[in-house]
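Can you build the whole structure from these sequences, using the hints too?
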Amino acid sequence: MILSALIAIAAQAAPPAKAIALTGGTVHTMVPGEAPRIATVLVLGDRIRAVDPHAEIPADALRIDLSGKHLIPGLIDGMVNHDADHDRLYVTSGVTLVRDIGNDLARILAERDKGGKIGLRDRGPGPAIWCAGGVLDGSPPSTTAAVVLGSPEEAADKLARLFDLEPDFVSFHAGLAEPVWRKVIELAHGHGLQVWGPKIAGVEMAKMAEAGQDGLYHLEAFLPAGKSWPDVSLEELRVGVDALAGKKVAITPTLAVFAKRLIAPPEHPPELAYLGPMYVASWLADAAMRSKVMTDEKDYLRTGLRVVETQGKLLKALHERGITLLPGSGSPNAWLFPGEALQDELGMWARAGIPKETVLAMATAGAAKALGVDKDRGTIEAGKIADLVVLRGDPGADLGVLHSPETVVLRGRVLDRAAMDALRKDLADTQKRLQAEAFKPLEIADPPLPPGEGGDVVLRGTVETRTMGQRISGESFAVVRIQDGSLVYCARVVTPGTASTGRTEVEMQETLRDGGVAGFDIGIRAGGRLVTVKGMQVGNVLNIERRVDGTFQGNVPVKDLLAFVDVGSVTAEIALGQRTSEGRFKVLFFDDLDPATGNWELHLDKDGTHLVHTHNGTLKVRFAADGSVVEALREEGRGITSTRPLSTQAKDRGLPLPEKKRG
626 MILSALIAIA AQAAPPAKAI ALTGGTVHTM VPGEAPRIAT VLVLGDRIRA VDPHAEIPAD
686 ALRIDLSGKH LIPGLIDGMV NHDADHDRLY VTSGVTLVRD IGNDLARILA ERDKGGKIGL
746 RDRGPGPAIW CAGGVLDGSP PSTTAAVVLG SPEEAADKLA RLFDLEPDFV SFHAGLAEPV
806 WRKVIELAHG HGLQVWGPKI AGVEMAKMAE AGQDGLYHLE AFLPAGKSWP DVSLEELRVG
866 VDALAGKKVA ITPTLAVFAK RLIAPPEHPP ELAYLGPMYV ASWLADAAMR SKVMTDEKDY
926 LRTGLRVVET QGKLLKALHE RGITLLPGSG SPNAWLFPGE ALQDELGMWA RAGIPKETVL
986 AMATAGAAKA LGVDKDRGTI EAGKIADLVV LRGDPGADLG VLHSPETVVL RGRVLDRAAM
1046 DALRKDLADT QKRLQAEAFK PLEIADPPLP PGEGGDVVLR GTVETRTMGQ RISGESFAVV
1106 RIQDGSLVYC ARVVTPGTAS TGRTEVEMQE TLRDGGVAGF DIGIRAGGRL VTVKGMQVGN
1166 VLNIERRVDG TFQGNVPVKD LLAFVDVGSV TAEIALGQRT SEGRFKVLFF DDLDPATGNW
1226 ELHLDKDGTH LVHTHNGTLK VRFAADGSVV EALREEGRGI TSTRPLSTQA KDRGLPLPEK
1286 KRG
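Be aware that the sequence shown starts at 626, since it is given in the numbering used here, and climbs by one per residue.
Mimicking DSS-like on lysine-lysine, the simulated pairs with C-alpha atoms at most 30 Å apart in a straight line are:
1. K852 / K917
2. K1057 / K885
3. K852 / K923
4. K1211 / K1231
5. K739 / K1050
6. K1000 / K981
7. K694 / K643
8. K885 / K917
9. K832 / K994
10. K808 / K994
11. K808 / K783
12. K923 / K885
13. K872 / K1000
14. K824 / K885
15. K981 / K1009
16. K941 / K832
17. K941 / K872
18. K873 / K1000
19. K981 / K994
20. K783 / K832
21. K1184 / K1245
22. K994 / K742
23. K872 / K938
24. K783 / K994
25. K873 / K1009
26. K1245 / K1065
27. K1050 / K694
28. K1159 / K783
29. K1050 / K742
30. K941 / K873
31. K1184 / K808
32. K783 / K742
33. K852 / K938
Calculated directly from the structure, the hints in this document are not laboratory data.
Encoded structure:
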């Protein structure tokens, strides 16, 4: 959505010290064949200059004595859904690179900050991001952030635009049809990009490898048809293992995703102090559901432990057959706490029988090689990026020491334990304030009305939109009837900020005439920047102009007859109520900043409730007699949002629904 297209631009972080000398520690370089040894690691800027017991140390270097301690490369988390609020949690756990497997396209590409041009990775500070941009999916998509591909032809069109944005790899959900999936692999490989995702339904494991899929998420792909984890045998699972042996397919197993379901969170979980209101609500809902299941199903824990044991045996079998394993946490799914969840995952791998030093190599040098970033990351060698973690003990003997790093060097910037504790405390203090503010009313000014006189405000009010009981936005709106009979829908939508981004404010005026869009003017303010998108009907074409801080970005002509513009404002629902008939129509929305049209189809329930199949989900709206919204429920992907009024004022009868649409 256009609301997520802007990210607050942070001030540049202080540059790293001119020279840093880490002396006296046992260095686990993770270079294949090199044993841990005591050496000096010299860092200049954001790069390692030397790894040598006799390295010449500049006189002005910052010296850090690591005698009795151990030094490893920064950890790599191969599977996350990145949220900038979690940056500090990753870094203070020693995670210096995360692979995001699909996100809001504009947001994640801005957060990645390729080349460090705007300093967003130093804002938190946060780990480097290796990202797919938007995840690919079929229709209906499982998430609103997905890039929907309905055919090979559509894949060719949309992927061409995605590749222009320079993603690091390509990621997909299980909803892709097989012909589309094959086209995605062909196109991505043509651009030198890996393709990762689940196993497509109906495609056998061997054929998946032959088609060229580079990586596989989770272990469910190994389950034979009709089998589930509680009743599958290791012998049955080995069929899939044998099919991948010797093939170039890597796997991110995510053992902890299932194992966490077996652990009841404490009454006052300490993790929640570091999370935003939305995550707190989601995690607590999951805990309540899990508690009920544990109570109702007497064999839940016994069965779960058997599943964990089976998955561990499968993991070991994959390792023994030489199949590449890329550790990933699945954060921030419920109770998979950013940073710590990767450490938990690595611990499970060791308990499954993989040697601890090998597990550590998989999370550093092995992960870097699997992702194709080993030129810069994964080992402690001269020329590599200076991402380093200082530990109090030997991780080759006890992976538990990963849970409490004493110092993290992030791109040459030193964060000692005191600095990391301060970063986490500041995050907790900010989240505490945001959680308190989530229960206070938003202050939203009235939206600007059309210029000139002769307009008549027939309906105005305020609404809030919530999901899982948490407010995600508030809005003030007005509908104005102007002299020629057209309706101008005016809105001001405010989305509160998070711990890492400021609030976003959207102003919109949209003119509807003769059942269609005659023009619109949208302004989005976030992070000190202003994006404007204007549409003007000229003949049979709606010309759409985009600007960022006044700089022209492009003009897009749209020839479709459009019912209204959908940018997350309640005015879209109010305009929906004024449509005179059921059936299909087209709506303008924004795929990030790119205008796009989607087909909507309206049906009426017997009580007048409007039921709509949208371009990416469903919408259910109930109206009051004055045409205002009583409640609008949107289901998109796995999320449901509810928009309800806080206040409504109608002049005369307001905007009553057309006669034949009233319940």
